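Enquirer: Place chain D on chain Y using the hints.
From first to last, the protein sequence lines stand for chains Y and D. Each residue of the first sequence is one higher than the one before, starting from 114 at the first, in my numbering. Each residue of the second sequence is one higher than the one before, starting from 37 at the first, in my numbering.
Because the hints were derived from the structure by calculation, they are not lab data. Note that the coordinates shown come from a computational prediction; the quantities given were computed from them, not determined experimentally. Glycine included, each C-beta is placed from N, C-alpha and C at the ideal position. Each hint should be verified, as a subset may be incorrect.
To be verified - Using C-beta positions, here's what the derived DEER-type ranges look like:
hint	chain 1	residue 1	chain 2	residue 2	range
1	Y	A396	D	E325	49 to 55 Å
2	Y	E218	D	S352	46 to 52 Å
3	D	D297	Y	T202	35 to 41 Å
Claimed, not checked - With a Cα cut of at most 25 Å, we get these calculated SDA-like pairs of lysine to any residue:
hint	chain 1	residue 1	chain 2	residue 2
4	D	K263	Y	I453
5	D	K263	Y	R184
6	D	K263	Y	P354
7	D	K263	Y	D352
8	D	K263	Y	R384
9	D	K263	Y	M377
10	D	K263	Y	W382
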Amino acid sequence: MRPLDGTRILDFTHVLAGPFATRVLGDLGADVVKVNSTSRTNTNAPGSPYYLMWNRNKRALALDMSREEARGVCRRLCAKADVVIDNFTVGVLDRWGVGYDTLREENPGVIYVQMSGMGSAGPWSNFVTYAPTIHALAGLTYLTGVPGRDDIGIGFSYNDHQAGLHGAVAILAALEARRATGQGQRVDLSQFEVGVNTVGPALLDYFANGRAAEPGGNRLPWDEAAPHGCFPCAGATSDHPADERWVAIACMTDAQWEGLRTVMGDPEWSRDPSLATAAGRLARAGDVEAGVAAWTSGLESTEVMERCQGAGVPAGVVQTGVDLVERDPQLARSRFLREIEDPHPTAGVTYADRLPIYFERTPCDRYERTREIGEDNAEVLSDWLGMSATEVRDGEDAGYLT
Amino acid sequence: MTSGALQGVRVVDLTDERAIYGAKLLADLGADVVRPEPPEGDPLRARGPYMDDAPGETGSLWHAFFASSRRFFAVDPGTEAGAAQLGLLIDRADIVLANTGAFAVEEAQLDDACARRPELVLVEVSSFGPDGPWSDYLAPDLVAGALGGAVATTGDADTPPLKAFGELNFMVSGAYAAIAALAGFNCVRRTGVGQRIHVPVHECIASALEHVFMWHWYQDQIGLANKPVLERRGSLHWTNAYQVMGADAGAVMVTPIPDLDGQLVWLLERGLGEELLDPRLQLPEHRRELLDRLMDTLREWVASEDPEALFLEAQSRHLPYGHVKRLDEVADNAHLAARGWWESYPVDDERAVRGPGAPYRFSGTPWSLGSHGDADRDTDAILDEIGWEDGR
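Next comes chain Y alone, as it looks inside the complex (with noise of 0.2 Å):
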């Protein structure tokens, strides 16, 4: 058992935000039927390496919703769903006829989830976002980046995690709330205001003393911790930025910095009483990580990260993708990434990361691969709404289950 079987959930999610929230949800054990047609391309194809990275665990249904019988298919599905979910644009679900004022009637205790960039309503409410547009708009790339540059910003794709991540909890709350009440609810996720509430703190500091926050690299934007950032280290094995090697340093504590300093061998700079507290380093920050530089380039990255987390002092390796798939230690263990059992019909061998979550009663250890489109019609036609399967056959040949 997992803490979600027997959870129907109704998915027309497309590329990242809204199937990374039904991703977790199909992992929790919950039935997600994903909905697409063959008319769908790019990062939405099936078989695309993106699209197989967020659409595991989930069943595959074809509607060409262009087609009436194929609306009408959905319409009889929304109605036996706990949760319907999409992130397109507002209206889209309304078009096709299974708009949330529609489906409540036929189905109370629906769940109704809109992903939208920008909310169901306000001015902006039909503009179109990626997460990069997202960055842009809430802060995140103007504050991510080093002071006089407006033009570096997160390098992935963060606040559609977020906003997946947010989609889930929504749909377990409301579940929780349904279970307390009997009726569904519609929920209105805005991608944009997910994005704003991660520099809350910064947002309070600016209503409240006026000061509009500025990038700051890797310092902290109102805590005193220096050295604060990430350093040098031998090992680069070309000057390609891919390639190089680093470490990060964090010290939240005078004591932390008296480590770092036995650590790196009581250089002369350092026994500067001026440097014995973290106002003091930070006054001098440009000359301390200089120093720790100094000391950081000559060494290897885990070398550095090991005898600073043996003398109490936060460090970590920088690791890249080789990093964590080859290298990483705790991740080997947990076995976090792994390859599907079951090989993908076109793409051949197909990889999970799990789920980050270790339930000691309900364990959610089981990664399907993701599905071809349609590949599911039979089975979830059958178990949803009990069709037979010449009903089914009947409507992939008629076009409208494609």
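Expert: Coordinates of chain D only, in the frame set by chain Y:
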């Protein structure tokens, strides 16, 4: 229905930075979340920024945000009475959220609590998991992000690897902690049986890296990858199709995706990009060259454009550009204002400050912020609820 989705769910919050966001998510959704803290105050109350730049018992805006909607319970678990009070509090809880090593976690005797109450959901969040060679490593947000793979992706060729602004790594582990708690509680509702649940921060961060594992696993299929690691390279997305470009007094995140033809038409309207119509570039095998040249053209064009006007026109053409906003511009955003999004964050009984609203809106069980105050604010009421009288 007028109250939060989690009304009636009782949570004890024994978290530190690594999962406090998860407890916030539950609290703002209406759960009754009690946060025990030492009588002298939670060390997290010392984290800046501060209201009126004045630290103090309730001055931390960091704490007002992350410890929103809680009830605070001052307790000394090192005393016999304090340990007993903590035990009674946990005996009334549905869920305990705990970070290994955080305040009162050891004294709470959570093993005993689980044995005593099989219906309890205990979510334990640690940096690296309960065992393994790094299980005792110290990992504040920067170090956690470095080991988790987030830092290596961020920065540019001429900068060090960079952490994202703020506490973004721990907001991921916090969100996972909330998911773990609610999924575990869902089991309790169905079966009556609780359980221990472990959440390693390290794995949470690694699970949310978009292209990083894909780049390694599917290098041959992606077609863009000549190494199993994509180097840090500023804002240029792994697809090469999204990038922040300098504009006239500002910057804009520009992309021709998903409507490449629409982008070309727009450029042609401006008298640019005619060379991109070369039939050779329209062939699928030259798509990458077309994209690269299109991005070059866009870079040149955007440099002299007003960023806000460009962004708005792009959106009117259904192109997902984004104007790179400073924080003051985010605070002044007309869309958020029109949605009535901002909320008032209580700092203490007298003071409040504007802050972010709900990350999601529930039509039936509205999200709302509860109170905030000093460590002792709710202690007497909580002692009454757990049946504690002087001496017992």
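Enquirer: So, for every hint listed, does it hold in this structure?
Expert: Status of the hints after comparison with the structure:
no., hint, in the structure
1, A396(Y) to E325(D): 49 to 55 Å, "holds (51 Å)"
2, E218(Y) to S352(D): 46 to 52 Å, "violated (35 Å)"
3, D297(D) to T202(Y): 35 to 41 Å, "violated (19 Å)"
4, K263(D) to I453(Y), "holds (23 Å)"
5, K263(D) to R184(Y), "violated (44 Å)"
6, K263(D) to P354(Y), "holds (11 Å)"
7, K263(D) to D352(Y), "holds (14 Å)"
8, K263(D) to R384(Y), "violated (43 Å)"
9, K263(D) to M377(Y), "violated (34 Å)"
10, K263(D) to W382(Y), "violated (40 Å)"
The structure shown violates the earlier hints numbered 2, 3, 5, 8, 9 and 10.
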